[in-house]
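Student: Work out the full structure: start from the sequences and follow the hints.
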Amino acid sequence: VNVELQTANIALKDAEAQAFRAMQQFTALTGLTAIPLETESVNLQPSENHPQKLAAQSLVLAQKRLDLIRSTPRDAPELSLGLTHQKDISNDPYNNSVSLKFKIPFASDAINQQRLAAVQAEQAEADAEQGLESARIEAEIASANFELEQAKATAAIAELRFNTALDTQQLLDRSFNLGESDLPTRLLAEATRFEAERNLIKARLETGRAISKVNQALGVLP
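Take the sequence shown: its position 105, counted from the start at 1, is 105 in my numbering, and no numbers get skipped.
Honestly, I wouldn't trust all of these hints.
[What the hints assert, rightly or not] When the alpha-carbon atoms are kept at most 25 Å apart in a straight line, the in silico DMTMM-like pairs for lysine to aspartate or glutamate are as follows: (1) 152 to 138; (2) 152 to 206; (3) 213 to 138; (4) 13 to 182; (5) 213 to 159; (6) 13 to 138; (7) 202 to 140; (8) 152 to 140; (9) 213 to 129; (10) 152 to 173; (11) 213 to 125; (12) 202 to 147; (13) 13 to 173; (14) 13 to 133; (15) 13 to 149; (16) 202 to 159; (17) 202 to 149; (18) 213 to 167.
For the record, the hints were derived by calculation from the structure and aren't laboratory data.
Tutor: Now the structure itself:
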């Protein structure tokens, strides 16, 4: 019995130490002193500064410039006003004259084609960039979501095991107090509960990290 008691005490102390270290790590990373009932939420919408949105905005601007050039095949008319203030001989009075200049540019197919080619190249580049960026980000979000689902499943199992271990410990505590079970059994149950608590803390931490990865993939900084 003494050997069993010593073994149970060792297991209990080891489980307590591991649970304490896990809780210290949890507090250092989250600032919390207790295991939360709910984890951080996921932002389902990409942020305004997300690379995918910025690429889409560049594509829209390129399309607008292309439409503008197509709708204005020539430069805008120019109107200029000039004032001349002079005299022919030193003793003569000044002569003032006003000049008005109105310029209507003629369309130049060569210039317009150059403009169209430049803007079309810009639009094609923006379109390609958006496609590549969208594919990269979608793959990153899918990977982060998969890891999050895995972390949630692990946390759910860890929570179930912790609740079971807690119920068992409380049952054996009552049984021990009534003299129906021995001390080693009670201590081993307590050690099992500490071990389950440690695993739950770790699972919650991993879930938090997975949520942060999803938010980062969506462009939301932690």
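Student: The structure should be examined with respect to each hint, and the outcome stated for every one.
Tutor: Hint check:
1. Proposed proximity of residue 152 and residue 138 is supported: the alpha carbons are some 21 Å apart, at most 25 Å.
2. With a C-alpha separation of about 9 Å, the suggested pair residue 152 and residue 206 falls inside the 25 Å cut-off, and the hint holds.
3. Distance hint between residue 213 and residue 138 is fulfilled; the C-alpha atoms sit about 13 Å from each other, no more than 25 Å.
4. For the hint pairing residue 13 with residue 182, the CA-to-CA distance comes to about 18 Å; that is within 25 Å, so the pair holds.
5. A hinted pair counts as satisfied when its Cα atoms are at most 25 Å apart, and residue 213 with residue 159 qualifies at roughly 22 Å.
6. Taking the CA atoms of residue 13 and residue 138, the gap is about 47 Å. The hint is violated against a cut of 25 Å.
7. A C-alpha spacing of about 24 Å is found between residue 202 and residue 140, which places the hinted pair at or below 25 Å, so the restraint holds.
8. As the CA atoms of residue 152 and residue 140 are separated by approximately 18 Å, the hinted pair is consistent with the 25 Å bound.
9. Between residue 213 and residue 129 the alpha-carbon distance is near 23 Å, which keeps this suggested pair within the 25 Å criterion.
10. For the given pair, residue 152 sits about 31 Å from residue 173 by alpha-carbon distance, which is inconsistent with the 25 Å threshold.
11. For the hint linking residue 213 to residue 125, the alpha-carbon distance of about 29 Å lies beyond 25 Å, and the restraint is violated.
12. With a C-alpha separation of about 15 Å, the suggested pair residue 202 and residue 147 falls inside the 25 Å cut-off, and the hint holds.
13. Pair hint residue 13 plus residue 173 holds up; C-alpha atoms about 17 Å apart against a cutoff of 25 Å.
14. Distance hint between residue 13 and residue 133 is unfulfilled; the C-alpha atoms sit about 52 Å from each other, more than 25 Å.
15. For the given pair, residue 13 sits about 33 Å from residue 149 by alpha-carbon distance, which is inconsistent with the 25 Å threshold.
16. Among the hinted pairs, residue 202 with residue 159 is consistent with the structure: their alpha-carbon atoms are about 11 Å apart, no more than 25 Å.
17. Using a Cα cut-off of 25 Å, the hinted pair residue 202 and residue 149 holds, with the two alpha carbons roughly 15 Å apart.
18. Taken as a hint, the residue 213 and residue 167 pair is broken in the structure, with Cα atoms around 34 Å apart against an allowance of 25 Å.
Checked against the numbered hints given earlier, this structure breaks hints 6, 10, 11, 14, 15, 18; the rest are met.
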